[in-house]
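Protein chains: 2
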Amino acid sequence: MTGFGPEHLPYGVFRRAGEAPRVGVRFGEGVLDLAALALDGLLDEDPALFAQPSLNAFMAQGPATWSRVREALRALTAGPDAEPAAVPLDEAELLLPIAVGDYADFYSSIYHAENVGRMFRPDGEALMPNWRHLPVGYQGRAGTVVVSGTPIRRPRGQRRDDQDAPPVFGPSTRLDIELELGFVVGTPSALGEPIPIDRALDHLFGVVLLNDWSARDIQAWEYRPLGPFLAKSFATSIAAWVTPMEAVLARRVPAPAPDPEPLPYLREEPWALDLDLEVELSGTTISRTSARHLYWSAAQQLAHLTVNGASVRTGDLFGSGTISGPERDQCGSLLELAWNGSDPIVLADGTQRGFLEDGDEVVLRGAGGDALTLGEVRGRIEPAA
Amino acid sequence: MTGFGPEHLPYGVFRRAGEAPRVGVRFGEGVLDLAALALDGLLDEDPALFAQPSLNAFMAQGPATWSRVREALRALTAGPDAEPAAVPLDEAELLLPIAVGDYADFYSSIYHAENVGRMFRPDGEALMPNWRHLPVGYQGRAGTVVVSGTPIRRPRGQRRDDQDAPPVFGPSTRLDIELELGFVVGTPSALGEPIPIDRALDHLFGVVLLNDWSARDIQAWEYRPLGPFLAKSFATSIAAWVTPMEAVLARRVPAPAPDPEPLPYLREEPWALDLDLEVELSGTTISRTSARHLYWSAAQQLAHLTVNGASVRTGDLFGSGTISGPERDQCGSLLELAWNGSDPIVLADGTQRGFLEDGDEVVLRGAGGDALTLGEVRGRIEPAA
Numbered sequence: 134m135t136g137f138g139p140e141h142l143p144y145g146v147f148r149r150a151g152e153a154p155r156v157g158v159r160f161g162e163g164v165l166d167l168a169a170l171a172l173d174g175l176l177d178e179d180p181a182l183f184a185q186p187s188l189n190a191f192m193a194q195g196p197a198t199w200s201r202v203r204e205a206l207r208a209l210t211a212g213p214d215a216e217p218a219a220v221p222l223d224e225a226e227l228l229l230p231i232a233v234g235d236y237a238d239f240y241s242s243i244y245h246a247e248n249v250g251r252m253f254r255p256d257g258e259a260l261m262p263n264w265r266h267l268p269v270g271y272q273g274r275a276g277t278v279v280v281s282g283t284p285i286r287r288p289r290g291q292r293r294d295d296q297d298a299p300p301v302f303g304p305s306t307r308l309d310i311e312l313e314l315g316f317v318v319g320t321p322s323a324l325g326e327p328i329p330i331d332r333a334l335d336h337l338f339g340v341v342l343l344n345d346w347s348a349r350d351i352q353a354w355e356y357r358p359l360g361p362f363l364a365k366s367f368a369t370s371i372a373a374w375v376t377p378m379e380a381v382l383a384r385r386v387p388a389p390a391p392d393p394e395p396l397p398y399l400r401e402e403p404w405a406l407d408l409d410l411e412v413e414l415s416g417t418t419i420s421r422t423s424a425r426h427l428y429w430s431a432a433q434q435l436a437h438l439t440v441n442g443a444s445v446r447t448g449d450l451f452g453s454g455t456i457s458g459p460e461r462d463q464c465g466s467l468l469e470l471a472w473n474g475s476d477p478i479v480l481a482d483g484t485q486r487g488f489l490e491d492g493d494e495v496v497l498r499g500a501g502g503d504a505l506t507l508g509e510v511r512g513r514i515e516p517a518a
Numbered sequence: 134m135t136g137f138g139p140e141h142l143p144y145g146v147f148r149r150a151g152e153a154p155r156v157g158v159r160f161g162e163g164v165l166d167l168a169a170l171a172l173d174g175l176l177d178e179d180p181a182l183f184a185q186p187s188l189n190a191f192m193a194q195g196p197a198t199w200s201r202v203r204e205a206l207r208a209l210t211a212g213p214d215a216e217p218a219a220v221p222l223d224e225a226e227l228l229l230p231i232a233v234g235d236y237a238d239f240y241s242s243i244y245h246a247e248n249v250g251r252m253f254r255p256d257g258e259a260l261m262p263n264w265r266h267l268p269v270g271y272q273g274r275a276g277t278v279v280v281s282g283t284p285i286r287r288p289r290g291q292r293r294d295d296q297d298a299p300p301v302f303g304p305s306t307r308l309d310i311e312l313e314l315g316f317v318v319g320t321p322s323a324l325g326e327p328i329p330i331d332r333a334l335d336h337l338f339g340v341v342l343l344n345d346w347s348a349r350d351i352q353a354w355e356y357r358p359l360g361p362f363l364a365k366s367f368a369t370s371i372a373a374w375v376t377p378m379e380a381v382l383a384r385r386v387p388a389p390a391p392d393p394e395p396l397p398y399l400r401e402e403p404w405a406l407d408l409d410l411e412v413e414l415s416g417t418t419i420s421r422t423s424a425r426h427l428y429w430s431a432a433q434q435l436a437h438l439t440v441n442g443a444s445v446r447t448g449d450l451f452g453s454g455t456i457s458g459p460e461r462d463q464c465g466s467l468l469e470l471a472w473n474g475s476d477p478i479v480l481a482d483g484t485q486r487g488f489l490e491d492g493d494e495v496v497l498r499g500a501g502g503d504a505l506t507l508g509e510v511r512g513r514i515e516p517a518a
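Protein sequence lines correspond, in order, to chains A and B.
Oh and the first sequence: position 53 is 186 in this note's numbering, straight run, nothing missing.
Oh and the second sequence: position 23 is 156 in this note's numbering, straight run, nothing missing.
Simulated from the structure, these hints should not be mistaken for lab results.
All C-beta atoms, glycine included, are put in the ideal place defined by N, C-alpha and C.
Hints are supplied without guarantee of correctness; some may be wrong.
[Claimed, not checked] Not everything, but these chain A residues come out facing chain B in the computed CB check (under 7 Å):
hint	residue
1	Asp235
2	Arg265
3	His266
4	Leu267
5	Pro288
6	Pro300
7	Pro304
8	Thr306
9	Arg384
10	Val386
11	Ala388
12	Pro391
Next up, chain A with everything else stripped away, as it sits in the complex:
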């Protein structure tokens, strides 16, 4: 079943030629049409819940509905003889699975944060003073979240290569990727009411791989004092398949204790996700890493995101931040893999890369053992307009 068997059953939105979009579940090399299953009485839900252009109506039903549907789907797909009717993958156009409410992005891999600190502040501490006390993050642009396969046009913008000259305008010359996990909120919260950390996972519907495309030259010039803006807002790619939290949490493992112990609203039994991740660039695997390298968990991120009273909505998305491990070839960005262009990586065809070139194709992949293959995130760089 190549990681898409009855233990996984990720949700997406698909369209057959000439038909309206509807919610589906990937099973093997096919897509189960949930609206059709509900019409046939194989799911106990209103078919209208699945005759939708996004998962949001389904996600808004809450955990009891998610469990009921998942159990019914497992019953349909489990067993050696199970052969539920499915739409072949090659007949299904995969659409953006969620209508994104707010998109926030964190910075929760300590190896990534240390690498960036060493690179850009060589004379200071690698980590900012706040880093070990809170999951640093920022709001990103929700309207430019796109589904895997969407071409990525190289952004144009201001950069200042020469610090003694005025800025120049043109296509980014330092276009990068960021390998991340994205967490999708299913159950909303009320304004003014923080989500306690021990309830945070109850609000999450699922997980996607996420590529936070980044223009490093634009970012370096624009980011003081209000953070990254146009360096990130041109596109963020997510997988077409949202892996349910239940499947993801089967890969939950203990993690090292944080140092120092965080403030009470961020305290929990340390855990991480044992998911293997990799980055392919134009046919060459350039990084193999793991979600275990994240210092802050999704529960800590959501507790922090709402501790000031900010609410979350069904369809909100938050990214883990670039996932890097302790070794150079375990990093989740070209910035680190090629050390800011100073140590280019070599592809299988012998060409070198500091940053992305036009025509490059990036694929993010992930797996939790044989039973769980995360939906891939694919994107090819098109020349600037």
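Could you slot chain B onto chain A? The hints should help.
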């Protein structure tokens, strides 16, 4: 007509007790029910366009429809004998007028940016090197944009008052306001296609007063290196009434030339909006200023926001940034008015304020002469949870 006559006609969403929300237009002390007017044949549009919980369906129709409706409404309301049927204001509950897509916030008043620079970087240049080259901005949280009148609960969060001690957690002790204009996008743009500056205003539907509530202590601790996050995300208040661009642009005036001349994608004939603005704090007017003090225009902001290929959607909102003038009592934040708490302002009752106290009520007001009164933005501070 107290600024709500036939020259203004701002749009909002209202609800009468027991009825569904619908789109209305403020006229004098009443609200014109556009769904009812369309049903009666007094507007040439489908009534369903106005039987809506937000302006988005109407805004998505584009400028030709906006003009046609505005002309029809002016015909109904102009002339000394015009007395169109209206819902009395005190029978109309005013709701958030737009379903906000993405919310971005700029930093476009040079006086404000200089004040902040002088306060926090006393030994450096008041302005960051990028400030005069691009409209600095960041993405804010769309899901916590609330309508005028919504109570604002004091946020809790991490702060580090003592730089030699660990951070502490608790209610913000430096809660502030930011007086801004907010611009509402009506006409969307496509991903990968920047909006040229000379077309930018065509995409805008209207303007609201906006209060970007800010927790300065949370911000100071969290903002490096990714910018403000929880310091802002707990709430942003906007007016219930969206003033159409046509009414706002009647107050367009020439502005000083920027120095240096910006890059070509930001070049235009310099202009500003001649709108008088003021801040009232618990009954005392503490600031009188003007939108003329903005260095970057809404057209420059939108051209910048999309120059990297980022798209905009109907309902997107962007803020001007705090509007401050050259004098102390022309500033749009308490941070500046009370100079970071060092020079408290004195209210009419003799009490002093460095930052906001629980129970304080803030009202933002604006006007463009006698004909145009912007919808106010009101908010009272509730104690932390």
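Status of the hints after comparison with the structure:
Here the hint on aspartate 235 of chain A is kept, as its CB sits about 5 Å from the closest CB of chain B, short of 7 Å. Residue-level restraint check for arginine 265 of chain A is violated (minimum Cβ-Cβ distance to chain B is 10 Å; threshold 7 Å). Given the 7 Å rule on beta carbons, the hint for histidine 266 of chain A holds: about 5 Å separates it from the nearest Cβ of chain B. Taking 7 Å as the C-beta contact cut-off toward chain B, the hint placing leucine 267 of chain A at the interface holds, the least distance being around 6 Å.
Restraint check, proline 288 of chain A versus chain B: the minimum CB separation of about 4 Å is within 7 Å; hint holds. The beta carbon of proline 300 of chain A is positioned within 7 Å of a beta carbon in chain B (closest approach about 5 Å), and the interface hint is therefore held. Evaluation of the proline 304 of chain A hint against chain B yields a violated restraint, the C-beta minimum of about 10 Å exceeding 7 Å. Taking 7 Å as the C-beta cut-off, the interface hint given for threonine 306 of chain A is violated, the closest approach to chain B being about 14 Å.
Here the hint on arginine 384 of chain A is broken, as its CB sits about 28 Å from the closest CB of chain B, past 7 Å. For the restraint placing valine 386 of chain A at the interface with chain B, the shortest Cβ-Cβ distance is roughly 28 Å, beyond the 7 Å limit, so the hint is violated. Interface hint at alanine 388 of chain A: violated, since its Cβ lies 22 Å from the closest Cβ of chain B, which is beyond the 7 Å cut-off. Of the supplied interface hints, the one on proline 391 of chain A is violated, with its beta-carbon coming no nearer than about 13 Å to a beta-carbon of chain B, more than 7 Å.
Hints 2, 7, 8, 9, 10, 11, 12, counting from the list given before, are not met by this structure.
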